[in-house]
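Visitor: From first to last, the protein sequence lines stand for chains A and B. Everything in the first sequence is counted per the numbering used here, starting at 1 for the first residue and increasing by one. Everything in the second sequence is counted per the numbering used here, starting at 1001 for the first residue and increasing by one.
The set of hints was computed from the structure by calculation and includes no laboratory data. Certain hints may be false.
Think about it this way: if two alpha-carbon atoms lie no more than 20 Å apart in a straight line, the pair counts; the simulated EDC-like pairs of lysine to aspartate or glutamate are [said to hold, decoys possible]:
no. : chain 1 : residue 1 : chain 2 : residue 2
1   : A       : K139      : B       : E1115
2   : A       : K209      : B       : E1067
3   : B       : K1040     : A       : D562
4   : B       : K1076     : A       : E91
5   : B       : K1040     : A       : E123
6   : A       : K90       : B       : E1115
7   : A       : K14       : A       : E123
8   : A       : K90       : B       : E1022
9   : B       : K1078     : A       : E91
Facing chain A, according to a computed beta carbon distance under 10 Å, are these residues of chain B, among others [claimed, not checked]:
no. : residue
10  : M1013
11  : V1014
12  : P1016
13  : S1019
14  : V1021
15  : G1025
16  : I1032
17  : R1033
18  : E1039
19  : G1041
20  : D1197
21  : A1201
Only a predicted model underlies this, so the values are computations on that prediction, with no experimental measurement involved. Cβ atoms here follow ideal geometry from the backbone N, Cα and C, with glycine treated the same way.
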Amino acid sequence: MMRLCSDPLPPILKVENLSVSYATRYGEVEAVRQISFEVRRGMTLGLVGESGCGKTTVAFGILNFLGPNGRIVEGSIKFQGRELVGRSEKELRTLRGDQIAMVYQDPMQALNPSLTIGEQLSEVLIVHRGISRADAWRKSIDMLNRVYMPDAVNVMKRYPHQLSGGQQQRVVIAMALLNNPALLIMDEPTTALDVTVEAAVLDLIEDLKRDFDTGIIYITHNLGVVARVCDQVVVMYAGEVVESAPIGNLFAHPLHPYTQGLMRCVPKLGSTKEESQLYPIRGRVPAPQNRPWGACVFAPRCDYATERCRNERPAFREIAPGHSARCFYAGEIDPSAWQPSEEADLPSPSPKPDAIPVQENILEIENLKTYYEQPSRSVFSLFGLGKKHYVKAVDGVSLHVPKGITVGIVGESGCGKSTLAKTIIGLEPLTSGTLHFLGFDLSMPVTRRDVKLIQELQMVFQNPDSTMNPAYTIGEQIARPLQRFKTVPPHQVYDEVIRLLRAVRLDPSYYDRFPSQLSGGEKQRVGIARAFASRPEMVLCDEPVSSLDVSVQAAVLNLLLDIQRQYGTTMLFIAHDLSVVRFFSDIVAVMYLGHIVELGPAEAIYMPPYHPYTEALLSAVPIPDPGATQKRIRLEGNVPSALNPPSGCVFHTRCPRRNLLPDHGLVCEVERPPWRYNTEQHRILCHIPLEDLRKMEPVITSH
Amino acid sequence: MFVGDYMTRHPVMVAPNTSIVELQGIMAENNIRHVPVVEKGKRLVGLVTRQNLRISPTELSSLNVWEITRFLSSLKVKDVMIRGKDVITAVPDMPIEEAASILVMYHIGCLPVVEEGIVVGIITESDLLTQLTNLLGLQVPGWRATVRVPDRPGEFAKITAAIASKGWGIDAAGSLPTPRKPGYWDVVIKISAATRDELAAVLRQIEGQELIDIRETGPCP
């Protein structure tokens, strides 16, 4: 709405000098120190920072959900001019129900598993507004339609577990909006979702902000997401606001060294490991009780820190209109002149190979199928007469992996990426097809494999927490494969463990520590050290960095690159983040519903011709650059069930490009698509002729 | 052009038990004159305006300075507000001119916008005046021309045809019967694509119409 210039609306929320502390066994620990910001109506404010920076504490502070040991020490939170600090619980509860709503990271935890969606949604209206059950039901359906929920009427009768993650998150957003709140706080609402679903949810948030005129606080660690949805960004570090700016300014001219560092940690979509580097920020976020006082909190990790930074706390000051930073040297630092400091651990640069060298294949997969049998409920099956049902998790995958190469596998969740890795490593029995590794047959499960074979084929898992035994020290855990595979003589095991710890940039003092004493990034390093302990020929990495913070992610990726270059290890790298895969891999395979739909050198995958699915995935990736424009292609619905995959081309039910074919792509429903070879190494599984695929515009154009 | 499109959503609201002192602070902080009073679930129960906060001196004359303080601090919103059914409200799908006529008719400054008893917004004189400025295109810098046309069908079409033949766009338009001159209408159009002379030349050519005024307007600095 256009407004007269002399009549600016006051902010919905004004936080001034807010400090929050928790009573812990270290005494009173200040989690958030003197932060200030404003949220205006119809505006999205992004709160960004690594984990442990106090983002969620701020959100909880606004709602006074700090728990019994947390309290607001000083400062004010004004909601529409009304002070919230010091209000009674009863007053706050009315306000939270009527005017402020919150959406959490994990939708499953916000929904009651024992009530239907309809009961939960209409309850909000019945309790808060006192309207009749029938009216509430009708309004809930309207709201579900508003958040683009397919088949809203029937969704009302379902239970949360019958919905996909994206649908659950839509239900939670719908629930938050039912009372038409003036302020919506979203804490990492898309972090647990697939890129394609995330893109749809982010579009939805944009629409809702416009239509409902709601002020939104959007908490995230993902700079790409920030660039897509936020208008104003507040960067937090160690409980302080270090920079605040409108979105365009922040990305064009980051002022604070921390913001600049964060931007160097994320691979740009389209950049490769040969032509660019990731620069992790050294060190890590200090725990609240260890934060430096009377000094710049970022000084210990800052490349520009001087004596002054270590002895005096910089003020938060405005450098350009609307753009403030907490740094003595903000505005004087030129990020383009930045050089990595000597202490930074960077992988040794490698010359770009002219082409993928023709090497013998280390792994050959031919027509691999992994099916899970589904128990049938029919009466016949009781007598063994029923038709067997199978979940076709991997359905006819052929892939040749040359030695020393990294193959990236991407796709939405449920497309069979992890099953493929588990089949190769021997954790899942294969149904048919052949698997050859170094000439050995890999068709038997891991328990019956030769020790030699296990030694040559290792795996790094997604979640380092669940793959480590909490009762053993780090040293013992790394020593275990060394003893088992007899990589080194028994008396050298200790030295070898220390060498491995050093290789993953961990201090020898970690030998005697337990997993619970390590951060997520450190645990993942131990996981890597353990996988490389037996000096394997090939390592499978299943989402090794997706649970890590960006700066830690950069460090772990660099580490993997370095080790790979040193030992010439072949890698299979599974990830859902396309920019990471592009950065890390030489060859990329795009999987959909158990099939590889596109396979080729990394650079070829990211330029036309695309498989329509690859195109959709690329258009969904959040890019940390507000200047870049992306084609907007959104896939309808979810990945179909692998129990009953679509006929013909498995992608035909969601394909946005079918209309390029005659009869609206009738052939896609009937016939299996052929492989179309763009080059010898780049092939696409699609009915659409290559000439037409080539004519598509690139998904991402940057200015 | 409906109330729902131009109202202020999420207006500042207070509960009936809020003290007058706090209300005064909220109104000052947000620079507003009207505050809907709601109970749980944003259900409208009343309205307070600046007028309601005017306490007549006669009421206070019998009190000494200490008693005045006590009197003021015990005063709640529910004691001074315009109550429930006396509050005149609007609905989101009401045309804005209808809302304006209600404001004029009752000599009031705002209408809480209500949907099934629940406050969804507020529309004030300022909101409507803001839309008047938008209606006549004040927010777009350009030329504002006033043309006097005879009151008969087809005159407005002549103007639009003349403008369209040049390939310009009309940024805003409005018309009113000419004051004190029955049988004529004044049409105001806003054009940003042309120069003053080009626009004047085109409008002067139209037969039977008179170019009254042409001037530059734009958003206030």
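Visitor: Evaluate each hint against the coordinates.
Guide: Hints and how they fare:
Distance hint between K139 (chain A) and E1115 (chain B) is fulfilled; the C-alpha atoms sit about 12 Å from each other, no more than 20 Å. As the CA atoms of K209 (chain A) and E1067 (chain B) are separated by approximately 48 Å, the hinted pair breaks the 20 Å bound. Simply put, K1040 (chain B) and D562 (chain A) have alpha-carbon atoms about 61 Å apart, too far for the 20 Å limit, and the pair is violated. Under the criterion of a C-alpha separation no larger than 20 Å, the hint pairing K1076 (chain B) with E91 (chain A) is consistent with the structure, at around 16 Å.
Straight-line distance between C-alpha atoms of K1040 (chain B) and E123 (chain A) comes to about 15 Å, which keeps the hinted pair within the 20 Å bound. Pair hint K90 (chain A) plus E1115 (chain B) does not hold up; C-alpha atoms about 26 Å apart against a cutoff of 20 Å. Using a Cα cut-off of 20 Å, the hinted pair K14 (chain A) and E123 (chain A) is violated, with the two alpha carbons roughly 31 Å apart. For the hint linking K90 (chain A) to E1022 (chain B), the alpha-carbon distance of about 17 Å falls within 20 Å, and the restraint holds.
Taking the CA atoms of K1078 (chain B) and E91 (chain A), the gap is near 17 Å; set against the 20 Å cutoff, the hint holds. Interface hint status for M1013 (chain B): upheld, as the beta-carbon distance to the closest one in chain A is roughly 8 Å, under 10 Å. Interface restraint check: V1014 (chain B) against chain A, minimum CB-CB distance 8 Å, threshold 10 Å, status holds. Taking 10 Å as the C-beta contact cut-off toward chain A, the hint placing P1016 (chain B) at the interface is violated, the least distance being around 12 Å.
At a threshold of 10 Å, the smallest CB-CB gap from S1019 (chain B) to chain A is about 12 Å, leaving the interface hint violated. Contact between V1021 (chain B) and chain A, as hinted, is not supported at the beta carbon level, the nearest pair being about 13 Å apart and thus beyond 10 Å. Taking 10 Å as the C-beta contact cut-off toward chain A, the hint placing G1025 (chain B) at the interface holds, the least distance being around 7 Å. For I1032 (chain B), the suggested interface contact is upheld, since its CB lies about 8 Å from the closest CB of chain A, less than 10 Å.
At about 13 Å, the closest approach between the beta carbon of R1033 (chain B) and any beta carbon in chain A exceeds 10 Å, and the interface hint on this residue is violated. Against a cut-off of 10 Å between C-beta atoms, the interface hint on E1039 (chain B) holds, since the closest Cβ of chain A lies about 9 Å away. Satisfaction of the interface hint for G1041 (chain B) is found here, the shortest Cβ-Cβ separation to chain A being roughly 4 Å, below the 10 Å cut-off. Nearest Cβ of chain A to the Cβ of D1197 (chain B): about 29 Å, over the 10 Å cut. The hint is violated.
Because the smallest distance between the Cβ of A1201 (chain B) and any Cβ of chain A comes to about 30 Å, over 10 Å, the interface hint for this residue is violated.
Figure legend: structure checked against the earlier numbered hints; hints not met, in rising order: 2, 3, 6, 7, 12, 13, 14, 17, 20, 21.
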